[in-house]
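Asks: Given chain A, put chain B in place with the hints provided.
Number of protein chains: 2
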Amino acid sequence: MAVYTDLSDEELDLLLARYDLGAPLAFKGIAEGVENSNFLLETEAGHFILTVYEKRVRKEDLPFFLGLMRWLADHDYPCATPMPGLDGGLIQEVRGKPAAIVSFLPGLSVRRPSARHCREAGEGLARLHLAAEGFPMARTNDLGQTAWAPLFAGLHEAAEALKPGLSATIAADLDRLAAAWPQGLPTGIVHADYFPDNVFFQGERFAATIDFYFACVDALAYDIAVALNAWCFEADGSFNITSARALVAGYETHRALSSAERAALPVLAHGAAMRFFLTRLHDWGATPAGALVKPKDPLEYERKLAVHRSAPDLVLFGDQA
Amino acid sequence: MAVYTDLSDEELDLLLARYDLGAPLAFKGIAEGVENSNFLLETEAGHFILTVYEKRVRKEDLPFFLGLMRWLADHDYPCATPMPGLDGGLIQEVRGKPAAIVSFLPGLSVRRPSARHCREAGEGLARLHLAAEGFPMARTNDLGQTAWAPLFAGLHEAAEALKPGLSATIAADLDRLAAAWPQGLPTGIVHADYFPDNVFFQGERFAATIDFYFACVDALAYDIAVALNAWCFEADGSFNITSARALVAGYETHRALSSAERAALPVLAHGAAMRFFLTRLHDWGATPAGALVKPKDPLEYERKLAVHRSAPDLVLFGDQA
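Just so you know, the protein sequences line up as chains A and B, in that order.
If you use this note's numbering, the first sequence corresponds to residues 1 to 321, in order.
If you use this note's numbering, the second sequence corresponds to residues 1 to 321, in order.
Looking at chain A on its own, in the form it has when it is part of the complex (with noise of 0.2 Å):
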């Protein structure tokens, strides 16, 4: 984490007094995400998970948030639910932080995803997809398609520092993404960050999804793409194509992609593995020498580039079936 708030128990007492949650029976900070700080909390009420949002998260955002958690919790949808305080509010303070209260979910996420895994993810997404309808609020993708090149601008001296030659390398493909976004495509609330981190199972079944930090409107396709690079890489940089089969195939038990989502997913999938490419590259560089909590490895991104490059119609593996 690079920020962690360490709350007193005068600033819990503080804080639940806006709250209908009862006394506090346990507190214990959780090493759960990277943005904020998160805080296992037992009350005579039940488990929570209370979070402090630290600078990374826009304060003028979290309406947006915890708004879209409380909708998706009233649909239904299985994630975690804000608790609203004695004042109605979904977003509290505490040491002059906005903070959140919502239920506790239980499940594990895992870290290699089996295809049954990814057949279930991509099924726990299309029903986000299908839950959101209807949401009044909207939220622009900060770091969509339009946002790559200028946040690139800053970065090729460090792409180069990763490995000669892949500043122009990187422009390139910024160029051939911009000449290739699709358009019109189906829009709505999108996760935009449904890695296997942020997905809880119960056994082999999907049972919740967390962290919507980053959820926004966009392609619903779009979603799909950050999650085929997200689920169905092997550890040794290959795309598993029985895993991304499972994913679409459980995506479409609930939504039925349309000919051109489908016919969009290649470009999608370039674009997605570069927008992670690109925040890794930044959080790379920006990261102190000798910081705890190392940044996750660009060069994971890179290779996933490289395959969307070569290969591009690699993720159309229902023309190949």
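Since the hints were made in silico from the structure, they are not lab data.
Since this is a predicted model, take the numbers as computed values, not measurements.
Errors might be hidden in some of the hints.
If several chains are the same, the list does not tell them apart, and a pair holds so long as it fits within one copy or across any two.
As a list, the in silico DMTMM-like pairs of lysine to aspartate or glutamate whose alpha-carbon atoms are at most 20 Å apart [to be verified]:
no., residue 1, residue 2
1, K296, D6
2, K59, D87
3, K55, E302
4, K59, E204
Replies: Same frame as chain A, now just chain B:
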């Protein structure tokens, strides 16, 4: 946490296969302790803490620590109960490191203990000393009085860097402590790290003690001396006699101090402050710049040392009453 083991779902499954605790339902790293990696683990059998022991805990000491916790729990002392594996062993292995699963304890530690908390803490400490009677294993206090001079031998420069002239002051303190260190006091199992963050309360009542990884055999009154330092100083550096009186009174509701023990409290408290000053000074220098987890400030204990040095009878509040 200086070291943190992050377990995969496969590693967790392999570990749990060696226990009779059912399938995992939830698993989260928790920010508790700096010596080990700790996880909240929910299984079909209940809530547990999984601890993976990192290099600062000596593997050969683990049978003492875990055996003591089991003994205390079996003797109705509220502390985490180690769960035996299917082979009966309290210590299993995960990713080549020793690990233990203990019961989850509800309760909250207090950041700024009141006199009432101190009284309860004193009761909890005496109950620990009594419950440990008869425990058949022993462990030398490797941070006891005879260890301080050797430990300080490598820290003269660090002391001077902290505060010019401090090296000579500490050396004089060590001579004084060596000459005055009490012998022949009642000994037994001591916690040796009985700080507020290692004691849980439910409301204002003592609930449980955790973190027995400094426990050893030493003078029982030394544990009180550690606690007087840890619980009875105000944030402004002043010693709170009301809190100290409450702590000892709470202790004596379960175990009366002998006159020799009471008379030894000033030098024991001075010595306990020295022990924590020296280890904090050591850790201060050993932590790389830029590390996320800041080591604890040795100056806090330098100030406590100064109080014990200049007003050694301050903790003899009983005689001032």
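Asks: Decide, hint by hint, whether the structure agrees.
Replies: Cross-check of the supplied hints:
no. : hint       : result
1   : K296 - D6  : between (24 Å within a copy, 14 Å between copies)
2   : K59 - D87  : within (19 Å within a copy, 52 Å between copies)
3   : K55 - E302 : neither (28 Å within a copy, 35 Å between copies)
4   : K59 - E204 : neither (36 Å within a copy, 35 Å between copies)
In summary, the numbered hints that this structure violates are 3, 4.
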